[in-house]
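Trainee: Please assemble the complex out of the two chains, which come individually in their own frames, going by the hints.
Chains as they are written, first to last, in the working numbering: chain A, 1 to 345; chain B, 1 to 262.
Any given hint might turn out to be false.
Straight-line distance between alpha carbons at most 30 Å, and here's what the computed DSS-like set of lysine-lysine pairs gives [to be verified]:
#1 Lys122(B) <-> Lys48(B)
#2 Lys2(A) <-> Lys122(B)
#3 Lys8(A) <-> Lys122(B)
FRET-style restraints, in silico, Cβ to Cβ [said to hold, decoys possible]:
#4 His157(A) <-> Lys71(B): 52 to 58 Å
#5 Lys2(A) <-> Met115(B): 29 to 35 Å
#6 Lys71(B) <-> Leu216(A): 23 to 29 Å
#7 Leu335(A) <-> Ser258(B): 47 to 53 Å
#8 Asp171(B) <-> His157(A): 35 to 41 Å
#9 Ile164(A) <-> Asn39(B): 31 to 37 Å
#10 Ser38(A) <-> Gly113(B): 48 to 54 Å
#11 Asn21(B) <-> Ile281(A): 52 to 58 Å
#12 Ile281(A) <-> Arg187(B): 41 to 47 Å
#13 Gly64(B) <-> Ile10(A): 44 to 50 Å
#14 Gln84(B) <-> Glu316(A): 50 to 56 Å
#15 Leu87(A) <-> Asp226(B): 50 to 56 Å
#16 Gln11(A) <-> His106(B): 20 to 26 Å
#17 Glu316(A) <-> Lys71(B): 50 to 56 Å
The hints are simulated quantities; they were obtained by calculation from the structure and are not laboratory data.
Idealized CB from N, CA, C, for every residue including glycine.
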Amino acid sequence: MKVLNRRKMIQVNGVLFLLLILSVIGCSLLGPVPLDLSRAFENLFAPEPNAEILFRTRLPRVLLGIAIGGGMAACGVVLQALLRNPLACPQMLGVSGGASLGGILGLIFFPNWILPIGGGLLGEISWVPLAAFLGALLSMVLVYRFSLFHGRLHPYHLLLAGVIFNSFIAAIIMFLNSIVDFYQAQSLLFWLMGSLSTRAYLTVAFIWIYVLLGFLWLWAKGLSLNLITLGEETAMQLGVEIGSVQRQIFVASSLMIGAMVSVSGMIGFVGLMIPHVMRLIVGSDHRLLLPASFLAGGIFLGWADTLARLLLAPAEVPVGIITAFFGGPFFLFLLYREGRKKVAL
Amino acid sequence: MSLAIQTNNLVFAYGERVVLNRVSLSVERGEMIGIVGPNGSGKTTLLKILSAILTGKGEVKLSGRDIRTYKRRELSRLFAVVPQEPQVNFPYTVAEIVLMGRASHHNPLAFEGEMDLEAARKSMELTETWSLADRYLHELSGGEKQRVMIARALAQEPEILLLDEPSAFLDLKHQVQLFDLVRRLNRERRLTIVATLHDLNLAALFFPRIIVLSQGEIYRDGPSKDVLTEETIREVYEVKVRVQWDEAEKTQQIFLSSPSSS
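The shape of chain B in the complex, shown without the other chains (with noise of 0.2 Å):
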């Protein structure tokens, strides 16, 4: 098995504060992982890391090789980025933003080719923004926009897909539809798959592998039934849980008691 993703005792601070703190994993092609932890515990510095927005101290490779040599286009045809929320100023339609996962494809004085048309049409269908090609992205519903988000995500053509709390804008069908299309993605593509999220719950439905990122150190890291234990979202994220074991599913959901009951 080859890796994907490899950082090795890998430390960010901001100024005096420690973000990210010796952390070393590694991603095997073709992996679904999730990552999770409560907020400020280092998620969405670790994404950035990986997707060389940042750069920590130690080391970070990519298919084997250091992040750092890399070349901007060389990164985006490897890995693509799922943001939380688009922010887009300007009025672009959404065959226009599909389009901008070409930019690295084709050369950048000139036009799209017919590859990068198929390329983005497939994506398209895939997320079922077909129909919505020529409308414009600010006039879409959030579940919408998130769809487009992965067109042109996909339209890159990427062997690692990073999604930064993708479903922090979806009501309950759409979160469950975004990630029933990520792991096609990862089953059907062998696209490998980093997400950060916040729902545990989802976190344990859809991702074989969990990673618990605590005040910037990896806290635990395997099979989500072995990790996301009433022990461990004690600790980390200092709530009262009970864990459950969902034979319908094969997976445990975690439910909440209030602090005052009990």
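The following block holds chain A by itself, in its conformation from the complex (with noise of 0.2 Å):
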């Protein structure tokens, strides 16, 4: 009988996190511009060119990367359970929608607001974000109203609420991007599709925080998640509190969604693919299939953007193409090779 133990989780996880060492590592180093390595340490903290790309424009790109790739891939992961839809991902629920409207309505009325934090010594922090983090807070407390039924929520009014609700802002934000001139359009469209940069290590705390104890939340529902993919009467009769549980992972999924969004954009493919191929290597347990797509999300979401810059130098490809471009048919092939024996549909 083989069964899940301390020893197969520490080495999973063990292997993945040195990769993703590495992968920091790696990404960074690499990009358009080579680097003087031993200058670049040695002017940590001064203005000189090697440490400002490494230091303050790569290596800040990276950890935002990792952390999004990470959290959408964690995010993806416990929707697919608490929905029991293998299709689910966090583009699903809503909150990625809201996000995009209040993104986008910062950047028509508001473009040039920058709020400086700690006097502008600690980094300066744009009103978009800001502006489409309230978006994605607001959403997600109108799309948990529509589906909590007695203390419950119904996977499949969650599903379907999130799903139009989206549809609803994805017209507003047509109809905006109709009315606006071109050079705001642009803008827009720029931002709908997702980008990783930053300078701002402020930026690059705010969306690790949400995004670790977000995902220390949802692992501790581990095992709560398994049981939920039986079904809710199952999962009830073998002991998960099941209102309770289904607001707490979609409480932190949202907000952890919401965080990455505002920052990054929509950045799709690494929250639905992620969980699938870590389901086909490491199998379905959560309490090690949680941990191992959020490290496996992590890895694919820092080389994907490095190879968004790297592709066309100088020049950036949108990372949500390369995402899709790359991870698309990987995916099938892994389906193709493990999915006969594997996938239950």
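Mentor: So this is what it looks like as structure tokens:
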């Protein structure tokens, strides 16, 4: 009888964690401009080009990409379990639509407003992500209200409410896009496509706090997630306080998604594909699947973004294109090889 | 004798439609009860109320304690439910599924301990699913899946086993094997068994006490030879049958007659 135990946990997550560290180093070193490392490290805090590129351009971007890749993958895992739908992904919850609309209203109405943190010493934050996060929180409350019946979140209601809310928001965004001028429309489109470019460690820290706390919260529900995938009634009979667990999962993942989308826009595919890939590799036990997907999602998005920076350097390809273009065929390959025995549909 | 299950004037309605009406029943520890009745008579609803999925009006006591005062973790150590057909959309192995029966026994933040693995192994041996441990559930046949569901229920080490039409998707051989196993569990482990059934002959063959539900009310309750009579079946199911005593099995068996003949 093969069962999950501490040794397997440490082995799988240890290997992935090592790969993640190597990815941080590798992705930071790779870029359109070759770096002189000794100069970069000598001038850690000085205004020197090498240090500027390595520590204040590439590293924060790589760290952001890893947080978002990991967060999206983790949210994908729990949403697929919560909605008991293998097609569920973070984009489906309605939260992402709300965040997009908030961000776009921010872009249209106060594109140049900057909020200096600590008198500008700790960096500056644009109002756009703050508006986006506000939109995410509002839509989270709305979708939650529409899906809650008798203290339980209904998977189908949640799914439908999210999808329909997103279509509604998409209509508003299209409408806004059609009435603003050409330059604004261009910047809206770029924001919607998603990007990981950042120079502020404060933004990176904000995302990491949300993603890490949310991830730990969800991970603590790993066993309940296993039981929930068997159906609500079975989960109840096996000891899950279903209403409370569903609400916690929804709130934790919505907060994570809201924070991530408000900073980097909609980077698709990671949250859909990584959970499936990891399920094929490590199995369906969420106590292992969740951390493994988090680490793998971080690695995947880290490299996808590096490729996005390199492919047409010095221009950038939107990272969402890379994730879908390279992730899609890889996923189909895995599905073809492993799927016949491991995919239960 | 102590009571495992007791309901008093239990009423349940979906909106205006009353599904269960003043159902009062007592199940003693170690009893084996079959609940029969036509579609829509409230069998499944009753089972869902007894397993705390639905809450009705009136009193429901498990082991002498009001069902609403239990936490889910406590309940899942007290009783286990074998579903009609397992719904598993995700690729789990048989061992993983059976170990999920242990979820309320171990710390939710920890892995299964030696005791949990031992309980899972024993219940898999008892249901002859040990050799399937590392197979994926969705690769198994209907009969094998049903045995895995029973293995999971036994891994919970419950006092009460509830079965919801467990033989609905099984062929003759697996039906007989299933109820033979359930009867053995009842006799050897004093496990209290409550099952809903469609097949009256299986009910007569294996269940010493039978409750007939009709339109949400208990129509008859007693030993199978008193309950499964030609009149009762005609009145409740609205079909004509012949009931004959089978000397070999010391039970009565029911024969259908087609409506056009006779």
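Trainee: Each hint: holds or not?
Mentor: We went through each hint and held it up to the structure:
1. Lys122(B) <-> Lys48(B): holds, 28 Å
2. Lys2(A) <-> Lys122(B): holds, 15 Å
3. Lys8(A) <-> Lys122(B): holds, 24 Å
4. His157(A) <-> Lys71(B): 52 to 58 Å: Given about 26 Å between the Cβ atoms, the range is violated.
5. Lys2(A) <-> Met115(B): 29 to 35 Å: violated, 19 Å
6. Lys71(B) <-> Leu216(A): 23 to 29 Å: holds, 24 Å
7. Leu335(A) <-> Ser258(B): 47 to 53 Å: holds, 51 Å
8. Asp171(B) <-> His157(A): 35 to 41 Å: holds, 38 Å
9. Ile164(A) <-> Asn39(B): 31 to 37 Å: holds, 35 Å
10. Ser38(A) <-> Gly113(B): 48 to 54 Å: holds, 53 Å
11. Asn21(B) <-> Ile281(A): 52 to 58 Å: Taking Cβ atoms as reference, Asn21(B) and Ile281(A) lie about 53 Å apart, which means the hint holds.
12. Ile281(A) <-> Arg187(B): 41 to 47 Å: holds, 45 Å
13. Gly64(B) <-> Ile10(A): 44 to 50 Å: holds, 46 Å
14. Gln84(B) <-> Glu316(A): 50 to 56 Å: holds, 55 Å
15. Leu87(A) <-> Asp226(B): 50 to 56 Å: holds, 54 Å
16. Gln11(A) <-> His106(B): 20 to 26 Å: Distance hint for Gln11(A), His106(B) holds at roughly 22 Å.
17. Glu316(A) <-> Lys71(B): 50 to 56 Å: holds, 54 Å
Hint check: violations occur at hints 4, 5; the rest are consistent with the structure.
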